[in-house]
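Below are the chains, spelled out letter by letter.
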Amino acid sequence: MIVDCALYRDGQRSEGIHSGGAQHWRELREMVDADGDFVWIGMFEPDAEEIHEVAEVFGLHPLAVEDAVLAHQRPKLERFDGMVFLVLKTLWYVDETDAVETGEIAMFVGEDFVVTVRHGQGNELHTAREELESTRKVLEHGPGGVLYAVIDRVVDEYLAVVDELVVDVDEIEASVFSTERTNDSTRIYVLKRELAEVRRAVLPLREPVFRLSSGSVPAVPESATPFFRDVADHLARAAETVDSLDALLSTAFDAHLAQISVQQNDDMRKISAGAALIVVPTLIAGIYGMNFKHMPELAWAYGYPYALLLMGAAAGGLWFWFKRSGWL
Amino acid sequence: MIVDCALYRDGQRSEGIHSGGAQHWRELREMVDADGDFVWIGMFEPDAEEIHEVAEVFGLHPLAVEDAVLAHQRPKLERFDGMVFLVLKTLWYVDETDAVETGEIAMFVGEDFVVTVRHGQGNELHTAREELESTRKVLEHGPGGVLYAVIDRVVDEYLAVVDELVVDVDEIEASVFSTERTNDSTRIYVLKRELAEVRRAVLPLREPVFRLSSGSVPAVPESATPFFRDVADHLARAAETVDSLDALLSTAFDAHLAQISVQQNDDMRKISAGAALIVVPTLIAGIYGMNFKHMPELAWAYGYPYALLLMGAAAGGLWFWFKRSGWL
Amino acid sequence: MIVDCALYRDGQRSEGIHSGGAQHWRELREMVDADGDFVWIGMFEPDAEEIHEVAEVFGLHPLAVEDAVLAHQRPKLERFDGMVFLVLKTLWYVDETDAVETGEIAMFVGEDFVVTVRHGQGNELHTAREELESTRKVLEHGPGGVLYAVIDRVVDEYLAVVDELVVDVDEIEASVFSTERTNDSTRIYVLKRELAEVRRAVLPLREPVFRLSSGSVPAVPESATPFFRDVADHLARAAETVDSLDALLSTAFDAHLAQISVQQNDDMRKISAGAALIVVPTLIAGIYGMNFKHMPELAWAYGYPYALLLMGAAAGGLWFWFKRSGWL
Amino acid sequence: MIVDCALYRDGQRSEGIHSGGAQHWRELREMVDADGDFVWIGMFEPDAEEIHEVAEVFGLHPLAVEDAVLAHQRPKLERFDGMVFLVLKTLWYVDETDAVETGEIAMFVGEDFVVTVRHGQGNELHTAREELESTRKVLEHGPGGVLYAVIDRVVDEYLAVVDELVVDVDEIEASVFSTERTNDSTRIYVLKRELAEVRRAVLPLREPVFRLSSGSVPAVPESATPFFRDVADHLARAAETVDSLDALLSTAFDAHLAQISVQQNDDMRKISAGAALIVVPTLIAGIYGMNFKHMPELAWAYGYPYALLLMGAAAGGLWFWFKRSGWL
Amino acid sequence: MIVDCALYRDGQRSEGIHSGGAQHWRELREMVDADGDFVWIGMFEPDAEEIHEVAEVFGLHPLAVEDAVLAHQRPKLERFDGMVFLVLKTLWYVDETDAVETGEIAMFVGEDFVVTVRHGQGNELHTAREELESTRKVLEHGPGGVLYAVIDRVVDEYLAVVDELVVDVDEIEASVFSTERTNDSTRIYVLKRELAEVRRAVLPLREPVFRLSSGSVPAVPESATPFFRDVADHLARAAETVDSLDALLSTAFDAHLAQISVQQNDDMRKISAGAALIVVPTLIAGIYGMNFKHMPELAWAYGYPYALLLMGAAAGGLWFWFKRSGWL
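Here the protein sequences come in this chain order: A, R, L, W and C.
Sequential numbering of the first sequence, starting at 5, is according to my numbering.
Sequential numbering of the second sequence, starting at 5, is according to my numbering.
Sequential numbering of the third sequence, starting at 5, is according to my numbering.
Sequential numbering of the fourth sequence, starting at 5, is according to my numbering.
Sequential numbering of the fifth sequence, starting at 5, is according to my numbering.
Extracted from the complex, chain A is given alone in its bound form:
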């Protein structure tokens, strides 16, 4: 689907053509006549025909086009003659399910055009485009500016997702160390799986962003490198937090195991103490159930209440003793 498409002149949107089709793309491209002007085509899960029309007009490399259509690629930055091809993973946090979902954005950045291909629901680029159009400043940097704006937006979303995960880890931590009987291993597992998801998005992106920030990519002017260094820094922060959360979760899991063991021990001692409260009176009952002829208590008028009292006293005494020594 073609989501949006426009020609940008001097950092301002000047023409928007929605219809698409190879002919339109060609006309649109020919309208570009000044340095820094460019066409930006935004697609959402395009079908083969749509993308091939665009590919033909802008000379996109077939391998890159295939990657953009198929999705499920690793984040990467490839240079084909006169063009940069970037694949990004997008992440967003779904509050209802406490889950991290992933999508993908592929970008073709040439001298006079940007083609963005988005997969998955998150990180809509529409609002990003509107923001860009209203500030103008970044758009004046041409296609490189759009490249920056999209990466910056995606990476900011990473940080937002990571912040949500920090909250999740805090909750798990509270649950593990609560005195309640909780089974946290499932939640820890799920969270570790999500951290792995985030890591798969963040780590492979560091190298492309580093290359962009080092000024070795032709689409990025020297003056723009501090901005990409800033993004690289955000990525490093996200990566560090994810690593640190992962290590924390491992420790929390170990602590959870220790808590289970401690609880097992506590339960065992409670059970044993409880058993003693019944077994000792049973012994007393057994004694007075013996059939000896000469057992003075048996004939005693208060023998029965005495025996019951003895049982109660024994149980009570044990109860106190276990209570004091922390077994009950």
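Don't read these hints as lab results, they were simulated from the structure.
Predicted model only: the values in this text are computed from it and were never measured.
It is possible that some hints are incorrect.
[What the hints assert, rightly or not] Which chain R residues face chain W? A few, computed with CB under 8 angstroms, are given here:
#	residue
1	H65
2	K80
3	I264
4	S265
5	Q267
6	Y308
7	A311
[Stated by the list, open to error] Computed footprint of chain R on chain A, listed as stretches where at least three residues anywhere in the stretch have a Cβ under 8 angstroms from a Cβ of chain R:
#	region
8	182-196
9	253-262
A virtual CB, placed ideally from N, CA and C, is assigned to each residue, including glycine.
Following the hints, complete the assembly by docking chains R, L, W and C onto the known chain A.
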């Protein structure tokens, strides 16, 4: 065994000779007279004589020939004067046994010939050859094109195997976190062993493919490097997924251990509660089994049913109490 | 908030202006007329206006200014034309809560100015400035001297924090290996979390300090590099100690788990021995509770005390036996 | 002890002198008069005098001589002017004890001589020398050929040892996952220790062999580098297998722990079920042991067999129930 | 404290002045008039005055002097103009307490002087000096020779300490796998802590020694580099052994955990079997304690002994059965 053998001219199969023998190979090789034309000999677990005839005609290095015959080599790319020698591990997933099996392909790629030596059942090259012959495009790149086609096919199979393993891990995950009493350690172990198998195929191949994609290998023309970069990318994806599955399995295993502990604790509490249901009535029976002369209940007409009721009530009361506190 | 601000000439404070405002900053800067003279402005959690006035006068890069205002950055050293921007994490140990807290210092170091922006309560720079003013020696090195003094102070604080953590680890160690029943997993977890905090401050700072010590940063004269090498050494020491504490804690945690297991085993044996002391007499009572007609003991005058003695003897014998074999 | 010693001309043994002594060595060395001819002296745990005589004649470096005499060195390749000094660990598998034993070979390789010093029983060089003498081909490469032949033989032995360890790991694996009650931790520990032994031989040898295969060592002619690359490949295979076995053993150990836990749980449930089979009839006996006057069953002629049947039925019922729910 | 001080000419001690004081040092230094001659001052935990006098005369850098006085530095090699500053950790094993203790040696090595500053009791340099003076050979290399001699001695002590730790690990291993009930976690922990101590001494020293052995340090002549390579090799051996011991201890700890679990299981089964021996006779006693009118055995003359025999037979039968199935 010689599986197939043909001369390719302008990307088309032009002569196929099955009989083999040193003389035939020599004649075949002499037919090559234009740039990009080449002979492709395909062998399956050849015996010493077969391969030595070929080695003699095409000048294959003895060490490489030895490696190709023996199999069980590590994936590697060696350059002998004017020739590239590549060893690949092949992987395939056997559905019936949920197992990953491995084979090996050794390739000798010279200017005017390709010799492929296959071991193990998987990754038949016959269909690969037919596909190549029908598309023609890759064959026009000469021996380097065949090299790419074979690696690409093998690596695609890696991704297919990895996808199957992802399914296996998902199944184990479901089993670990199910409430049923499962013993998943064996399956986790087997899967970890298979992941190690895949890793042994994938990791050592990355360096050869990287060298191929960097254009430093003479058999690969500059224009073909993006294709090898694509393969390198697939390899990286396979390696990342394998690492991530391995980490997930470790976490799943830990969770499995925690589940066992939790279950042990649950069982212990259930058993204790169950024991209490019997031990408390036993105490009551013991009490009314005492031989005191003065026990009013004993003479009471409804003493016996009353005692039974008392036992039942005690057991019932405990049952409720344990149920409410989650012990039963 | 502007905390302090002064002009330094020949290593001595010569003018201090507290009022602030863009006009004042401009005037102050214009007073700098000799090499090595500089203005030092100290801010504490400044609002947007305050910092932008300063940024305008001294030409601070907008991205750096944004980082300095927002805080929660990673330690880093950035070079913008003619200016060095450094972000440091500050750490301090709060005795009351045994907790490590973190703050942040951002520094802009130009040829004729230093701007420090501090976040969080710890590592007040006021006393650092006073010390510097009284010794004069470092101030003569100009802005580079201030840069060194601040980093040195912050890193010394790291070492102090690490020393406190060493004490905490020693305490945990003592607790784990005490014979008392302790639940150390929570404390180990908290301490591991704090070590991670320290690591996040220390590790990313190593690279900036290394660059400063290698003489490749323009603000630092060649003669100052041994001082930065000294700081790098302190950082390395802090990092090594943190790593080593973390490994020790992991081992201590494992030992804690082992202690729990050993204790569980001890408890189980104690409980079983205790149970035997009751169950064996119960068996004896059961035997004399049998209704056989011909049981000589029953008719015996001393039968009852004999039975009680037998029970006591059995219990006592078991007690001795369990005591000797270490079960009680 | 001087084991063997000979002069090699054109790849053929021409003179062998066993007696030794500095004078003999000198004469022997002087006989070398053509390129590629060389003296090969083989020693087994030589005493100080023996080696110093040789060292003097061939100009061996004192530090290297010391290393060769003392043994227990790390594998390494040192270059002293005009001479290469190599230390290798030898490994062999003793079937009777399932143990890996280690020895050491030190080699001095000059332009016209090879001195080998062997420690430990394994990897006898005598047969290696005989093989070399019978094939002649490698000997024509001069001292470098001998160097290759010895390393190749030692590394082949590594692979043989590793193959034995693979078998051992398979056995442990079978034992861990068998349903029998096995205590595999000792065997796993011992095997891990042996793997560490192998690793200590293999890993440090990789760098020397890499240097030999890169052609930067003067004793090795360019044409010999593919052979050393082959050895490097074997070493890499050994190292990979060892790493992979070590990881497998760790996983097997974890699985072993899980099996113990599962077994503990199974045992606990079996024990509890067994206890129920006794405790429930005891309760029934207790009920009919009560002394109520009005208990109709007591007077019933078939009361006793009825009670016994009731007990049997209760036990039988429980037995079925536990059997069905997998507790017995 | 000044421990010893002397002027060395042509590798021989020629003048020794104990008194110290800045004036004496100056005179002593002026006596040096030939290449290779040098002054060697040995200090033990010097006070501020002592070291500053020396620092002044020999031009030691203030930062290095501070490090030498304070101790607790990381091992490192620093170059200040015309001078090398080396910090070494010393280790020694105290037999009585099975503990590793640490000290420190700081060395200033200039063209015509060596100043050694020692902290802690171990690794006395006095005997080292005497050995050097008696052999003369190393002293002829000037200050570089002393540098080598001291490092060599310290590193030899590392190897001695590591050998002691190997013995300790062997003991722990024997204890873990003994059938006795041992609590090895404390000893393993302590040993791991000591290994960390050794690692902190060994690892950071590798880089300085590597630099010394690569000939890039001016105080070390080219001809001395093989000696430093030898030291580097010893260091590598110590580091490898420490790593390998650490890994072994981790495995031993895991095995210890497994042993505890196995023992717990054994104990549980023993306890259960023991309980059965009592509970089954109790059931029999309960049966004959029932009050049925028609119980033939009760009236039987040998009923009582028969019941006792039955109990004994039941217990005996169970005992055999449990014995055979390994539960007792």
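Do the hints match the structure? See the list:
Checking R:H65 against chain W: minimum C-beta separation of about 7 angstroms stays under 8 angstroms; hint holds. Taking 8 angstroms as the C-beta contact cut-off toward chain W, the hint placing R:K80 at the interface holds, the least distance being around 6 angstroms. Taking 8 angstroms as the C-beta contact cut-off toward chain W, the hint placing R:I264 at the interface holds, the least distance being around 5 angstroms. Interface hint at R:S265: satisfied, since its Cβ lies 7 angstroms from the closest Cβ of chain W, which is below the 8 angstroms cut-off.
Among the interface hints, the one on R:Q267 holds; its C-beta lies about 7 angstroms from the nearest C-beta in chain W, closer than the 8 angstroms criterion. For R:Y308, the shortest C-beta to C-beta distance to chain W is roughly 4 angstroms, which falls under 8 angstroms, so the interface hint holds. About 6 angstroms separates the beta-carbon of R:A311 from the nearest beta-carbon of chain W, less than 8 angstroms, and the hint is met. Only when three residues or more bring their CB closer than 8 angstroms to a CB of chain R does the claim for the region 182-196 of chain A stand; here the count is 7, and the claim holds.
Interface restraint, the region 253-262 of chain A with chain R: holds (3 residues with C-beta to C-beta distance below 8 angstroms; minimum three).
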